[in-house]
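J.: So the chains spell out like this:
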Amino acid sequence: MSVGTPTVYRWELRKLRSQKRTYLGLGAAAFVPIAFAIALAVQRGAPNDVAFGKYLHSTGLALPLVLLLFGAVWMFPLITALVAGDIVAAEDHNGTLKTILTRSTEREQIFAAKLMAAATYAIAAIALSGVTAIAAGSAVSGMHALTSLSGTHISVARGLLLVALSLVVYSVPILAFTAIGVLLSTVFRNSAAAVVGTLMSSLLLQLLTIIPGLSGLTPYLLSTQFNAWQGLLRQPIDWAPIVRAVWVCALYAVPAVIAALLVFLRRDVDGG
Amino acid sequence: MSAETPVEVRGLVKRYDGLVAVDRVDLTVDPGDVFGYLGPNGAGKTTSLRMMLGLITPDEGTVRVFGRDPQASVDALEGVAGFVEAPRFYPYLNARTNLELCAALDGLGAGRREIDEVLDTVELRDRARDRVGGFSHGMRQRLGIAGALLRRPRLLVLDEPATGLDPGGMRDMRQLIRNLAATGMTVLLSSHLLAEVEELCNRVAIVRRGRVVYEGTLADLRATAGTRYRLRTTDDSRAQAVCQAQPGIESPTLTAGLGISFQAASERAVAELSMALTEAGALIIEMAATHASLEDLFFALTEGAAGEGAAGERATGGGPSTSDVAVAP
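Listed in order, the protein sequences are those of chains A and B. Mapping the first sequence onto our numbering, position 150 (from 1) lands on 150, and the numbers just tick up by one. Throughout, our numbering is defined as the position within the second sequence, counted from one, plus 1000.
Excised from the complex, chain A in its bound form:
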């Protein structure tokens, strides 16, 4: 009477689809680029000091990229943490962990399904944000060619491809945050503490970069990996930061997942 993990995963997604929290996160992911585009439409100014800021008025392709820069500090980590920090703790809160653990599913399966569901949601949020940003950006500024960070011309088709790839590269550190969120959710057994804890870990990592003497650590901080996608927008493409993002993020995510799994497997389910 074994149940496949895909079944458990589908039910985890079903739970997410039935919770307000999910729509709060996805709503924010869609709303922020729209608000950004509206602000652009009503004023001529633009954040010229950030990469692609000065192209915001010339092409819609710039908006998703500027959004990735702004979103790295707290927006995307918060949207990610909202679900990742809740996905185990909510079961503690509702007392439902004992309900699902006394059926025919092993704890490993429940954990794997939850981790995958939280990751699915995070990727969906980024994708939704990117698509909305392209749509809202081109509604305001039109769909025109983009200028790369190396100053070269990028056609609209190639620009769209590069924006899509940037979103993919951007999801790598987001998935690491998902792992941290699930770990805190498992350990704290409290949704609010886990969400805030995940967000705090993001902010603290950002703070480390401004401490004198620690600048050597910068390439290995999780927050730095949010900039890896910029390698795609150089001519030729600079793969080094992207490769580094993958292994640095794995250094954060893999221990977090293992620790969370061990805690989840061994813990006494004595609440609720």
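If you're looking for bench data, these hints aren't it; they were derived computationally from the structure. Bear in mind the structure is a predicted one, so any value in this text is a computation, not a measurement. There may be inaccurate statements among the hints.
One-sided and incomplete, this derived list gives chain A residues near chain B with beta-carbon spacing under 7 Å [claimed, not checked]: (1) T5; (2) P6; (3) T7; (4) N94; (5) T96; (6) T99; (7) I100; (8) V269.
Computed far set for chain B versus chain A, every beta-carbon distance over 10 Å [stated by the list, open to error]: (9) E1004; (10) G1011; (11) F1083; (12) R1088; (13) G1107; (14) F1135; (15) G1138; (16) R1151; (17) L1180; (18) R1268.
Glycine included, every Cβ here is placed at the ideal spot set by N, Cα and C.
Starting from the known structure of chain A, fit chain B onto it as the hints suggest.
T.: The following block gives chain B in isolation, referenced to the frame of chain A:
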């Protein structure tokens, strides 16, 4: 450890921060039993049940359900269903969806028809489309039973199933349990209510501060108490002295206004006592046998001095240590 024995627990221990919640508990539930796990709140009943369902890890001892270890794999729970404390469901999903989720995680292929059936059994069919978040305590208890029945259990584990229900709900819940037991299902139910256990169960384990102080039938427990006699005479203080001197008369106690209460080794000793009283000039007004109530026995085991002193002793039906059980005068 037999694969036919629904529950076999040996030497089970669970400690929390130095406090022993479950203290060397042995328990055997046989097929077809409606087994009452009886004790005051905080006696460690729920903790024991959690270990039987594999939710928490024992510090010592073994649990076997149908011969398998629930700590090792969830496969051990095949044929086992139930809940500890209150049953919990996803408040944002409706009753039917919650049951669908349970059925999916069971992998038994229970479909719409089975879900309708169990909803009918607990009389929740008309509320199936309502979110569980808006359910009353009693409806959640019933949904908990429905969720358990979906697993087609051979052993049903219920933790205080009637607690918190209104009198009508309690009656319905007990009727439901009786109906399920009548189908041959083994039921292990915990309760702090003696009357509930007396009504439903053929065997009980009485637990006090984490330890089983009695295991057997309630009839055997009642039989161990012996018969007490109530005595009123024209001169109770003289009668008290006679009782104390009379062979075969035990623990006479005099309560002002109520007369004397004593235990007798035999009916012959009682007859001889009546002669002695008459000779001593304490004329009998009333002498009657009274049976100890089960409640007295239960309290004596779970909170009285005998329970305290004999906490280390394990009382068994008809065994010698239950003769220590004092009935409160």
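J.: Next step is simple, just say for each hint if it's right about the structure.
T.: Against the structure, the hints come out as follows:
Checking T5/A against chain B by beta carbon gives a least distance of about 11 Å; that is not within 7 Å, so the hint is violated. For P6/A, the suggested interface contact is broken, since its CB lies about 11 Å from the closest CB of chain B, more than 7 Å. The closest approach between the C-beta of T7/A and any C-beta of chain B is roughly 6 Å, which is under the 7 Å cut-off, so the hint is satisfied. Restraint check, N94/A versus chain B: the minimum CB separation of about 6 Å is within 7 Å; hint holds.
Restraint check, T96/A versus chain B: the minimum CB separation of about 5 Å is within 7 Å; hint holds. Proximity of T99/A to chain B holds as hinted, the smallest CB-CB distance being about 5 Å (cut-off 7 Å). Taking 7 Å as the C-beta cut-off, the interface hint given for I100/A holds, the closest approach to chain B being about 6 Å. Interface restraint check: V269/A against chain B, minimum CB-CB distance 4 Å, threshold 7 Å, status holds.
Chain A leaves E1004/B outside its interface by the beta-carbon criterion, the shortest separation being 19 Å against a cut-off of 10 Å. Every CB of chain A lies more than 10 Å from the CB of G1011/B, the least distance being 19 Å, so the non-interface label holds. Listed as outside the interface, F1083/B is inconsistent with that label: its C-beta sits roughly 7 Å from the nearest C-beta of chain A, within the 10 Å cut-off. Under the 10 Å C-beta cut-off, the non-interface status given to R1088/B relative to chain A is violated; the minimum distance is some 4 Å.
The non-interface label for G1107/B is inconsistent with chain A: the shortest C-beta to C-beta separation is roughly 4 Å, within 10 Å. Every Cβ of chain A is farther than 10 Å from the Cβ of F1135/B; the closest lies at roughly 13 Å, confirming the non-interface assignment. Residue placement check: G1138/B keeps its beta carbon more than 10 Å from all beta carbons of chain A (closest about 17 Å). With a minimum CB-CB distance of about 7 Å to chain A, R1151/B fails to clear the 10 Å threshold, and the non-interface call is violated.
Listed as a non-interface residue, L1180/B keeps its Cβ farther than 10 Å from every Cβ of chain A; the least gap is roughly 18 Å. The beta carbon of R1268/B is kept farther than 10 Å from every beta carbon of chain A, the shortest such distance being approximately 56 Å.
Hints 1, 2, 11, 12, 13, 16, counting from the list given before, are not met by this structure.
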